[in-house]
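Enquirer: Residues per chain, in single letters:
Protein chains: 2
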Amino acid sequence: MSDLFLRAARGERTDRPPVWLMRQAGRYLPEYREIRAEYSFYEAITTPDIAERITLQPWERFEPDGVVMYSDILTAIEPLGFEYHIESGVGPVVENPVEGPEDTHRERTPVAEELPYVGELLERLSERLDGRAAVLGFAGGPFTLAAYAVQGEPARSFMALRRLRAAHPEAFRRLLEAFADVVAEFLAYQVDHGADVVKLFDTYAGLLGPADYREFLLPLHREILGSVDAPTVMFARNMGGRLESLAETGADVVALDWTVEMDAARRQLGDRPVQGNLDPAALLGDEATVRERTREIVEAAGPEGHVLNLGHGVDRRTPVENVAAFVETAKSIER
Amino acid sequence: MSDLFLRAARGERTDRPPVWLMRQAGRYLPEYREIRAEYSFYEAITTPDIAERITLQPWERFEPDGVVMYSDILTAIEPLGFEYHIESGVGPVVENPVEGPEDTHRERTPVAEELPYVGELLERLSERLDGRAAVLGFAGGPFTLAAYAVQGEPARSFMALRRLRAAHPEAFRRLLEAFADVVAEFLAYQVDHGADVVKLFDTYAGLLGPADYREFLLPLHREILGSVDAPTVMFARNMGGRLESLAETGADVVALDWTVEMDAARRQLGDRPVQGNLDPAALLGDEATVRERTREIVEAAGPEGHVLNLGHGVDRRTPVENVAAFVETAKSIER
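In the order they appear, the protein sequences are chains A and B.
Position one of the first sequence corresponds to residue 1 (my numbering), numbered consecutively onward.
Position one of the second sequence corresponds to residue 1001 (my numbering), numbered consecutively onward.
The hints are simulated quantities; they were obtained by calculation from the structure and are not laboratory data.
Don't take each hint at face value.
[Stated by the list, open to error] Facing chain B, from chain A, some residues (calculated, C-beta under 10 Å):
| hint | residue |
| --- | --- |
| 1 | ARG108 |
| 2 | THR109 |
| 3 | MET159 |
| 4 | LEU161 |
| 5 | LEU208 |
| 6 | ASP212 |
| 7 | TYR213 |
| 8 | ASN238 |
| 9 | ARG242 |
| 10 | ASP279 |
| 11 | GLY285 |
| 12 | THR289 |
C-beta atoms are modelled at their ideal positions from N, C-alpha and C, and glycine is treated no differently.
Bound conformation, chain A alone (with noise of 0.2 Å):
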């Protein structure tokens, strides 16, 4: 099973494609609110053993061939010694943000000492599953983490940080150099304790614009995806007029959101292997839709380097028998 996902994702031909979905460990299953109901996001995640039950919840329902560790794209926000937590209603809070141009030098500490929930938990997956499905790891990318750091909370345009860029760009290229350079340690680390494959979510590098994403972020999605030792997956969202840039970052596979037409990423991306790329909003409807539409997405993607997933994460109002019916269809597909 990790085979299948390994082989895809190295560009290879599979007889289906290997599945997983993003966020499968999350509110739409009962058995995830029933542990929730107990145990505050941040206790959950780095708790090995709650965040061990709850990665594999989804792998003991429907046996996906990649399971993502329970986690949170903003950890590697911590070893730069910015604080957060989930504000229900709102989303991740940064407790001290960066409060000017100069409070951009923040002292740093090692990933191993500030995120070791991560390498246990990480430890425990692969020991659990031994092989049977490709171990995930994953971290936000210097975009989306100084995003937050900056703004201190979510947003639509995370204009604080464009301000930065505009205002003060030596800052600006300090602060995600030093998130890259957590991240790059990360996600080595991530390698080391056991992830099969991580993901880069650089989930906002779509709000640069093109010439500033070129300037200053993707020489960094170069340098940390390129010092990875396992197969890399990149994802931002709106990327679709710039697909060629998700390439250029080197990633083994570049995942595409749902506002891109697979056919149209192939003819683009050429032999690049791609993850995607249903609308989690189909889930939302009946399961011979969910069938339909997953079939549409494998067909357009063909036989070679596809892994397939959602083009984002499950919405909490899924039904279960619909993801069931995703990740079916594509175990049921024999070319």
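Given chain A's structure and the hints, the job is docking chain B onto it.
Expert: Here is chain B on its own, set in the frame of chain A:
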């Protein structure tokens, strides 16, 4: 002056690009904040005298080539019986959102009865400006109106409406069609009352996957824009990967957000006039950078069929002198 705008919108060569800014009458202007200290947003947009004063504030300072009426993209939600207000720190809140698929049959009142203040405002602007600048009207598009009508408040992914698409496609279609009828009537009404150009802001249309966009929304955009007897501009965010869809709407001018590169857009869109697309964050730096980046866009766009603008609305923290520099740069171009 007005002629310059209309010529660019027709794709003609102009000695310099006409220029205006989305949200040019807004919180970055001290005189705007002064008026708004006295009146709520809703009072300000619904009282022609106040709306006229606000609309003309940036005209008095910068003399842009387009003067966009001070209003809101959501006004067009009202003729279908939805009431909304702006909640400080939240944004637009709909008081009676759609409660389920059956709740998508709403009675409709004529635009002229529901939104007479828009017509009165446009008449005043047309008289006051007297051809010195193009008077711009606008409306939110059907997806964006429906997104608020169903969600009831701002959201990052407007999943409530996307869920309606998945679970109750006929109700989804009915709601979009109802809004499209209102919007078509509203834009025609605006032209009748003095708008020289109208702009359709289906800001969130990019949240709909490409196939869904083509099936449900593109025919409505075509219908709306085709029914208007004046030059039209089409704006939707995050459509960088499918600019050709925006051209297929039949809009005279395709507005580009800041995540699209001007020269790439030109290559994709052929001789279709374009508007845009400076990153609003670029106006948060220094004046020299504003001038430089503005010139870069003008050069990349070339002399034919380009209306200079930002890729999104002016941010409230923008220094007034940077807006001045942006407009002056456009006006100083000679070719």
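Enquirer: Holds or violated: the hint that THR289/A contacts chain B, with Cβ atoms closer than 10 Å.
Expert: Cβ of THR289/A sits 7 Å from chain B, so the hint holds.
Enquirer: The hint names ASP279/A as touching chain B; please verify it with the least Cβ-Cβ distance against 10 Å.
Expert: 5 Å, holds
Enquirer: So, as I understand it, the hint says THR109/A touches chain B; can you test that by seeing if any CB pair is closer than 10 Å?
Expert: Hint violated; THR109/A Cβ to chain B Cβ min 31 Å, cut 10 Å.
Enquirer: Against chain B, run the beta carbon of ASN238/A and see if the smallest gap drops under 10 Å.
Expert: This interface hint holds because 5 Å falls under the 10 Å limit.
Enquirer: Taking the closest Cβ pair, is ARG242/A under 10 Å from chain B?
Expert: 7 Å, holds
Enquirer: Return the status of the interface hint for TYR213/A: holds when the least beta-carbon distance to chain B is below 10 Å, violated otherwise.
Expert: Holds: closest Cβ of chain B sits about 9 Å from TYR213/A, inside 10 Å.
Enquirer: Does ASP212/A pass the interface check with chain B, least Cβ-Cβ distance below 10 Å?
Expert: Status holds, d = 8 Å.
Enquirer: LEU208/A was flagged as interface toward chain B. Is the shortest Cβ-Cβ separation under 10 Å?
Expert: At 8 Å from the nearest chain B Cβ, LEU208/A passes the 10 Å test, so the hint holds.
Enquirer: Does GLY285/A pass the interface hint, meaning its C-beta sits closer than 10 Å to a C-beta of chain B?
Expert: 3 Å, holds
Enquirer: Is the hint on LEU161/A kept, meaning its closest Cβ partner in chain B is under 10 Å away?
Expert: Hint holds; LEU161/A Cβ to chain B Cβ min 9 Å, cut 10 Å.
Enquirer: Does MET159/A meet its interface restraint, that is, does its C-beta lie within less than 10 Å of any C-beta in chain B?
Expert: 6 Å, holds
Enquirer: For the restraint on ARG108/A, tell me whether the closest CB of chain B is nearer than 10 Å.
Expert: With a minimum Cβ separation of about 27 Å from chain B (threshold 10 Å), the hint on ARG108/A is violated.
In summary, the structure is inconsistent with hints 1, 2 from the numbered list given earlier, while agreeing with the others.
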